[in-house]
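These protein sequence lines map, in sequence, to chains A and B. Here our numbering is used: the first residue of the first sequence is 1, the next is one more, and so on. Here our numbering is used: the first residue of the second sequence is 1001, the next is one more, and so on.
Since the hints were derived computationally from the structure, they do not count as laboratory data. Be aware that one or more of the hints could be misleading.
Quick list of in silico lysine-lysine cross-link-like pairs, DSSO-like style, CA-CA up to 27 Å [unchecked claim]:
| no. | chain 1 | residue 1 | chain 2 | residue 2 |
| --- | --- | --- | --- | --- |
| 1 | B | Lys1160 | B | Lys1132 |
| 2 | B | Lys1132 | B | Lys1068 |
| 3 | B | Lys1132 | A | Lys68 |
| 4 | B | Lys1068 | B | Lys1010 |
| 5 | A | Lys10 | A | Lys132 |
| 6 | B | Lys1132 | A | Lys160 |
| 7 | B | Lys1160 | B | Lys1131 |
| 8 | A | Lys131 | A | Lys160 |
| 9 | A | Lys20 | B | Lys1010 |
| 10 | A | Lys68 | A | Lys132 |
| 11 | B | Lys1068 | B | Lys1020 |
| 12 | B | Lys1068 | A | Lys68 |
Listed here are the chains, written in short residue letters.
Number of protein chains: 2
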Amino acid sequence: MTVIRPFQAKDWPALWPILKATFETGDTYAYSPQSTEAQIRHAWIDVPQATYVATSDGGEILGTYVLKPNQPGLGSHVCNCGYVVSSAARGRGLASELCIHSQAEAGRLGYRAMQFNLVVSTNDVAVRLWKKLGFEIVGTLPHAFHHSMLGYVDAYVMYKSLVVA
Amino acid sequence: MTVIRPFQAKDWPALWPILKATFETGDTYAYSPQSTEAQIRHAWIDVPQATYVATSDGGEILGTYVLKPNQPGLGSHVCNCGYVVSSAARGRGLASELCIHSQAEAGRLGYRAMQFNLVVSTNDVAVRLWKKLGFEIVGTLPHAFHHSMLGYVDAYVMYKSLVVA
């Protein structure tokens, strides 16, 4: 069974290779494929309000997500999350589990909505999954992502309210 | 004649009251109306790639803007700007001058597009001006801004390409 729990400092040596492998492909996240370990540690651990990891029964790290306010002050009731699943754990619904967990955490922390700022339009699997989990494409940013293989491609802004209107 | 030039440390004592008065209204920017001087100095001077001020003939500060990449790495060809005009200088087209200047600077710095992430939908004057200057509303964020008078209101994502497609 997968357990999702807060990141602890001891997790980093196992987490970094998973993040590195994801960002290196240059087709999913804006972080430069050449990002250093220190840069990614800052972005994934220091900057967010909270970082979580998903582990297997044996304690192996399978995935991770971050949660933070998307804007300061008068926009801070909307959170932003980012998810990464290890290549070994793909295809088992873990991204979905992480996103469902993050929505519950966001609600618990008092957020009213969740926003993804830069969903790469060519990342069909992600777009389909976020839609299935209740997110809508609320904006399209023309050529806002520099895809490592495809060049400049559109990115979507996706949004989900976490409160009853 | 108005001069637009890079911010210098000596400008801060005159700039801070202009920023403070703008953010205090809670109807335009996400920065909390209760933000401290240190917080705003960090956000307006330290974080951006560049900060500019507009001055009168006599050297009085009339307005300011910031310019920075909107995302890291593979999204860093899109910049983000924010503009503030002093209450004394409103109604003379200075916001327009600042935005035109920022588009030229962004082009010079190699950016391919400019994005505003949170244009308050009830700020008609701003929305109309950005449209006039070539920006399009590419997204609507439901209830993403907590307006000091109106409560939760929508915000727009606005975008302008700076290159010929």
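Legend entry - Violated hints - listed by number, lowest first: 3, 5, 6, 9
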